Amino acid sequence: MSNHTHRTRRLGALLLVLGLTAATACGGDDDTGADTGDTGDNGGSGDAEAVEGGSISIALGSEPTTLDPQIREDGGERAVNDNVYETLLFRNKDGELEPKLAAEMPTQIDDTTWEVKLREGITFHNDEPLNAEVVAASFNRIIDPEFNSEQIGFVEGITEIEAVDETTVRFTTEGPDPILPSRLYWIKVVPIEYSKDSAFAESPVGTGPYKFVEWQRGQELVLEKNPDYWGDPAPSIDEVTYRFVAESGTRLSGLISGEFDLITNLLPEDADQAPKSAHVQGLEHPVMILNAMGGPTESLEVRQAMNYAVDKEALAEELYGGFAEVDQCQILSPTYAGFNEEIDAYPYDPEMAKQMITDAGAEGADIEVISTAGRWLKDREVTEAVANYWTEAGLTVNVRIFEFDEYLDRLFDRETRAPAIFVVSSNELLDAARVMAAYYAKDGTGASNANEELVQLIDDARVETDAEAREELYAQATKIACDEAYFAFLLNIEDIYGLSERLQWEPRVDAKLIVSEMSVTG
Amino acid sequence: MTAIEQPPVGAVDPRFVTPGDVPDTAGRFGRVRRGTARTLRELWSDKAGFLGAAYLLLLVLVAVLAPLVAPHDPAAQSLSDRLDPPFWAAEGSWDHPLGTDNLGRDVLSRLIFGARVSLVVGLAVVALAGIYGVVLGLIAGYKGGRINAFIMRYVDTQLAFPGLLLILIILTVIGPSVTTVIIVLAINNWMVYARVTQGIVLSVKENAYVEAAEIVGCKSRRVVFRHILPNLTSPLLTLATLEFAAVILSEAALSFLGVGIQPPQTSWGLDISIGKDYIFNAWWLVTFPGIAIALTVLSVNLVASWLRVTADPTEREKRFAASTGFGA
Amino acid sequence: MGRYIGKRLLQGVVVIVGVTIVVFVVTRMIGDPVRVMLPIEATPEQRAAFAKQIGFDRSIPVQFVDFIGDLARFDFGESLWQRRPALDVVTEHLPRTFQLVGAGMLLGVLLSVPLGVIAALRPGSVRDRLTVTSSLLGLSIPQFWLGLIFIVVFAVQFKWFPTSGTGTFKHLVLPALTMALPISGRLTMMVRSSMIDELNTQYIRTAKAKGLPYRRTVGFHALRNAAVPFVSLAGWEGIRALAGYAVVIETVFAWPGVGFLALESIERQDLILLQAIVFVIAIIVVLFNIGIDIAYKAIDPRIKLT
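So the protein sequences, as listed, match chains A, B and C. Residues 1 to 522 in the numbering used here are what the first sequence spells out, letter by letter. Residues 523 to 850 in the numbering used here are what the second sequence spells out, letter by letter. Residues 851 to 1156 in the numbering used here are what the third sequence spells out, letter by letter.
To be clear, the hints were calculated from the coordinates, so they are not data collected in a lab. Do not take every clue at face value.
If you anchor each label on the Cβ, the simulated ranges turn out as follows [unchecked claim]:
| hint | chain 1 | residue 1 | chain 2 | residue 2 | range |
| --- | --- | --- | --- | --- | --- |
| 1 | A | GLU133 | C | VAL863 | 36 to 44 Å |
| 2 | B | THR702 | C | GLU895 | 30 to 38 Å |
| 3 | C | GLU942 | A | THR391 | 44 to 52 Å |
| 4 | A | GLN456 | B | ALA611 | 56 to 64 Å |
| 5 | A | ALA48 | B | THR702 | 53 to 61 Å |
| 6 | B | PHE609 | C | VAL976 | 32 to 40 Å |
| 7 | A | GLN456 | C | GLY868 | 54 to 62 Å |
| 8 | B | LEU562 | A | GLY374 | 42 to 50 Å |
| 9 | B | THR702 | C | ILE918 | 26 to 34 Å |
| 10 | B | PRO786 | A | PHE412 | 45 to 53 Å |
| 11 | B | LEU579 | A | ASP413 | 45 to 53 Å |
These figures come from a predicted structure and were not determined experimentally. Ideal Cβ positions, reconstructed from N, Cα and C, are used throughout, including at glycine.
The task is simple: from the sequences and hints, build the whole structure.
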């Protein structure tokens, strides 16, 4: 047998094996991921009854760097601590604020003072009592500049917190702060005595439905049900194990093979591969910031044309598999305070777009688009797709993808604004204030307009404590930005989760993973 | 008929390449007897090497003629054609014989243009690193003494650097691109050439033949050119080929990690990186680039082995001996 | 020997200092960890406060002086990302990388020695060609690709092993296998080649010396002679694995070792952690190199170390 045929034969066999296994690796799995509607999922194998108890495993994209809930901006830490610690207020299914550790919604005493009444009889997992002193101390811990909390941005403006009596906490803000309740939804209450212990960051103790068991760094983190939980409904799942897998493909592998019950950030294309998937309208908005202060985009017609030119429905369908909604001419989700129900998205009208470009004399105009890749889901794809649409409308588009660092340089450059900058805005507080300040207000870090009226409205809204008046101000602001086409409004992406067959859970609009809202069917 | 016998030279610890490792091909057998017909016949007798060379030739042709051969523009997106499977699958078509990726780009075209990148990067790195390393090695070997010690110390120092880590950091700083990848890989790769060259020069210098030439009065430069250089060509050629294979793998790994070739350019490693997110519903995105890399590297290794055996008469003797069954 | 070690250690120190300086210079040029670490919507005041906090508002020369001072005390500062001493983070992840590289090397060596010897006994035979082919394939296949295929086939399809992470022996199998394959490919080729050389000489000699037991002659002398380049190559592979391949494999398998750590810190611009990682790896590489030299000499005292 000659060397030649022997070797070729072996190569051929190997290729065949590889090809076959690759081909059978997909399509041999359950296809029960049919989703219906916004906040639901649909396990195709029938709706089994949930049982009490059970252990589940959740795969996070990154490991917590600490379990101190007040010091870092860390998604991994939040995912875990959202179950161990609690906040004064909480959001329900529809994203509305409700009292949690607070007995009722906060009352506003005057322009700069708020008061919150606490529930009675709650203790931490280590039996430390929850009272106004502890709550005040929790907040003081965060605003202390020496503490160096990364979350300090969430509590800016709160100058003083004091315990008026056993169950009443008073907050004093620098100026009128209409979004104080949102801040109360974000900051977790910690046991002040224990927080001084060095083990605090590794072994958390809160008031929540789950207690910390152990954390083996790099491997796993385990929580168990708190049988003495004060709240309602009581948690069902007995034990939850968190594992940390950075690659989304590997997370999916683990889900399919049965190692995980829940994975986050499932790619739209993979939704079919998961045993079950669930999706909910998320907090992320890919959008293009258009430069209204100079260059070809200074002209209103050009900016409007750039909005008409983009087929947003197609983007949602093609790039996100339908797991995205078209933004209604604002970078806000319907659940945000400040969302304007009156305005609508620019429809897709390529002919009109082309016409407007020609009329404005901007045919062939150079549009530089700044973007980055790998930071957000499909950032590069959306950028290039939109650039494509603009080219079809008659512009000459030059897409420049930068490393995130350099990209930030360009985004924050106040001297020279590029004609179009891609960004994905997200807002954990579910309130328009931050978005407005960053992108709409003319001196915002990411803004490309010089509209005085707009920034005035935004500044006024910042300190307007009457909820209705505030909504009105934001309505005006969003309308202006929409009419002036300061942005090429795009989409609101949905959060997609992969679930195992046995897990029952409806995802939340604030993207928190609350285990006490989960149960298993066996 | 033959089997591949030698380990890749590039894989030997370059710190320990001593003069004895280098075949002494000075003298009468010094020059590889060129002659295309003869070379081809040699190649044919080693079927594996022949296959490897044939594949590489095809690859080079395809890479050079890429714009003519590729059915589509590798960067052309088509949102409606996303994730189409290869032609033999249910929804595949001959329009995209090997399917499309997540942006609707044609996989086959990307493979073809990716070949360009791999070959260009490989050749450029080998050229840069090779020239730098060989020159240093020549100087070190020929001058000897202090200069030799100094240069070799420099080589050792850089050898001890944690290679890939530094490459990662540097590429992140200066921004990855074809040029920067080439430069960084070259900086990381030149040491073995210096070592091997120095070793050869030293061993040739010791050769009595050279001494004799010097006694007779030949000028040193003449000595260099007539005696040293011919001994360099074959080992260096083999080394360069093996390093070429290693560079292809390195570039693929860097692009896979995201610090190598950036989109919209194509690279096999980059395509695998993009494809790994879709491994369950679009297996072709990962499979084909991977096979391409493996086949190319394999072919280069086969050719390198053939080169090594052919260029060294003592090795050829061994090949002959082995084939006649004298191995125990 | 002692003097030699001393000399190498000194050289090692030069290397480590050089590496760290390079990293310092390079990382300061990366730009602004401040910007990357805070959310986009953070205000300029918040950024200034953060910069002050981590000491990045001082000029580069000042930072450098502080850095050298700290280095001397092995104080690498606090990781920007994890807010813990950087050295702690590195030493926590290091054993996992050792585990991975160790298992991979062990597997590679265990595979390559017998395979290489068996193949060398009968060059040109079927089993020889099989060995050579699979070795060549093994060292030609890109590791990251192989890892992905392994996960899909063995972890998802057959569910024999977990898809990622660390913890049990089962978690180690696929990553170690992926690491071992190209290494064993190269080692096998080298063992085979050395053994063929040895056998050719031994064969002739044994043929002349009548009746000497083949096994003892071959076994002992041949292996020992082949061991020297083998050790040198194995050591070289080990270093390259530690300072190189580990990154790729840890990425694919979500193995929380130092390679994975390095990539994360580059992504998050955690320069402090990055410095610590490179420093520690450089030390290990230097020590490892010296170790190989000593092993080399121990095996064959005839070797003269320059």
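*List of violated hint numbers, smallest to largest*: 1 and 10
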